[in-house]
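**Student:** Residue-level listing of the chains:
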Amino acid sequence: MRALRTAASGMAAQQLNVEVISNNIANMNTVGFKRQRAEFQDLLYQNVERMGAQSSSQGTVVPTGIQIGAGVKAGSVYRITEQGSPTQTGGRYDMAVDGRGYFQVVLPSGETAYTRAGNFSVNGEGQLVTDDGYAVEPSITIPQDAIDVTISKSGQVQVKTDGQTEPAIVGQLELASFFNEAGLEAVGDNLLMETAASGTANVGTPGEVGFGQILQGYTEASNVDAVSEISALIIAQRAYEMNSKVITTADQMLSVAGQVKS
Amino acid sequence: MENAAYVGLSRQMTLRRELDIVANNIANADTTGFKVEQLLVGTEVGERARNAFIRPGVSFVLDNGVGRDFGQGALGQTGRDLDFAIEGEGAFFKLTDGQGEAYTRDGAFTVDAEGRLMTEGGAAVQGDAGDIILDPALGEPSVAPDGTISQNGALVGRLAVVRFDSLAVLEKGGDGLYRNASNAAPAEAPDVRVRQGMLEGSNVNPILEITNLIEIQRAYESVTRMIENTTDLSRRAVERLGRA
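Taken in sequence, the protein lines are chains A and B. Just so you know, we're using our numbering here: the first sequence kicks off at 1 and counts up by one. Just so you know, we're using our numbering here: the second sequence kicks off at 1 and counts up by one.
Hints listed in this document are in silico derivations from the structure and should not be mistaken for laboratory results. For each residue, glycine too, the CB sits at the ideal point set by N, CA and C. One should not assume that every hint holds.
As the list claims (entries may be wrong) - FRET-style restraints, in silico, Cβ to Cβ: (1) B:V238 / A:D251: 29 to 37 Å; (2) A:K245 / B:T96: 38 to 46 Å; (3) B:S150 / A:M28: 33 to 41 Å.
What the hints assert, rightly or not - DMTMM-like mimics (lysine to aspartate or glutamate), calculated; alpha carbons at most 20 Å apart, straight line: (4) A:K73 / B:E171; (5) A:K261 / B:E221; (6) A:K153 / A:E166; (7) A:K73 / B:D175; (8) A:K245 / B:E215.
Let's have the full structure, built from the sequences with the hints guiding it.
**Tutor:** What follows is the structure in structure tokens.
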């Protein structure tokens, strides 16, 4: 019976849906997290009776044909790169990107990763690093005697040292943008990697056309909306139940057919 | 005598097929742009199994097609710039892929590494003048209700939204795609609107489908009982007549 397999595909799809939703809810308070959405597509169709086929010797033609679908599959799980709201933290090295663009981070392997999580700090050498201690690219070192650090909207890092009236420029932050942001590969730790689908990184100064501005003292909250995730969860659960109901029905019909007295 | 059993059998076969279609509807209750289907069942006057003296016209059950309800699905906000929904029935986005032209109501598009607007399945979305290529440096595209795409004030193209005189020429190809199974050329659909940041949900009504499911199951059971009774009747007839 085809219906059994069709309903099983529906249950598998809803299970994936719940997995994606639960990951969104788990990351509701993750800095810079972008929510994901599972997108479903119908599976292939079997032509039981082709449309346009002749239905009698008099030349009558089947108008619509009989096509029976084989269920559903996950088309893709994509990231929704909608802006998360900036949250004030007061942290000196906390930065949020307001608009497009990713911070660049050098991994220990030498590869460049991209992130929206701007909760940076400085290491023992005064270098600007992420939570995991990976250096931010381009490298910015804050002098030890700095008493205040100001990061402008365009990403210029200025420090004020004791006895100096003019702040000194110690670096310029850069952002990377991509042709296809949804094509970036998430590798955990709030980091994303470039792929063939995303295209190569286009590096620029914050505030330029196509790049967002930097807000110091803020971090970008995750863009997960709890209410819509919970309602999506309810819908997924009910859809799962309905598919299991189809399996029960198909099973009962099979059993009726199997018990016919001869 | 066997006529009743054969009529019952013809109904059982169509009920199984109906179950397959209802199962597919329920499995796709959450599929973007999915259109609900229903098996069209009719009576077919057939030959009698035996040339006995009964009134002519034994009607069998025959499925003669699958009907699709192309009604509008609910539009849901997604907050993604490359999600598009068509508001208006019977119109489709035009695509091209390796197998030629395809049509879809699933407007969850993406761009490839060159900035070309694509479906998740890799078919290129068509505009008035071929593929639509976005310039990533210009920021988010904005799409007007008539399908005109602009980026930062500069015109990029217009999404081709088309419709067919008869929707019966469309064949479902899976992956949310429809293919044109005839020579009929699609025409432009100027009366429908394209909504950016929204997707069209499936137009499956789950309650209706569950009701159909119960109906199918009960009908199957009663037809089976009818066939059993018929066989029972003929067995008893043979027994009694044999004794005499």
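**Student:** Each hint: holds or not?
**Tutor:** So, going through the hints one by one against the coordinates:
no.	hint	in the structure
1	B:V238 / A:D251: 29 to 37 Å	holds (34 Å)
2	A:K245 / B:T96: 38 to 46 Å	holds (39 Å)
3	B:S150 / A:M28: 33 to 41 Å	holds (35 Å)
4	A:K73 / B:E171	holds (19 Å)
5	A:K261 / B:E221	holds (13 Å)
6	A:K153 / A:E166	holds (19 Å)
7	A:K73 / B:D175	holds (8 Å)
8	A:K245 / B:E215	holds (13 Å)
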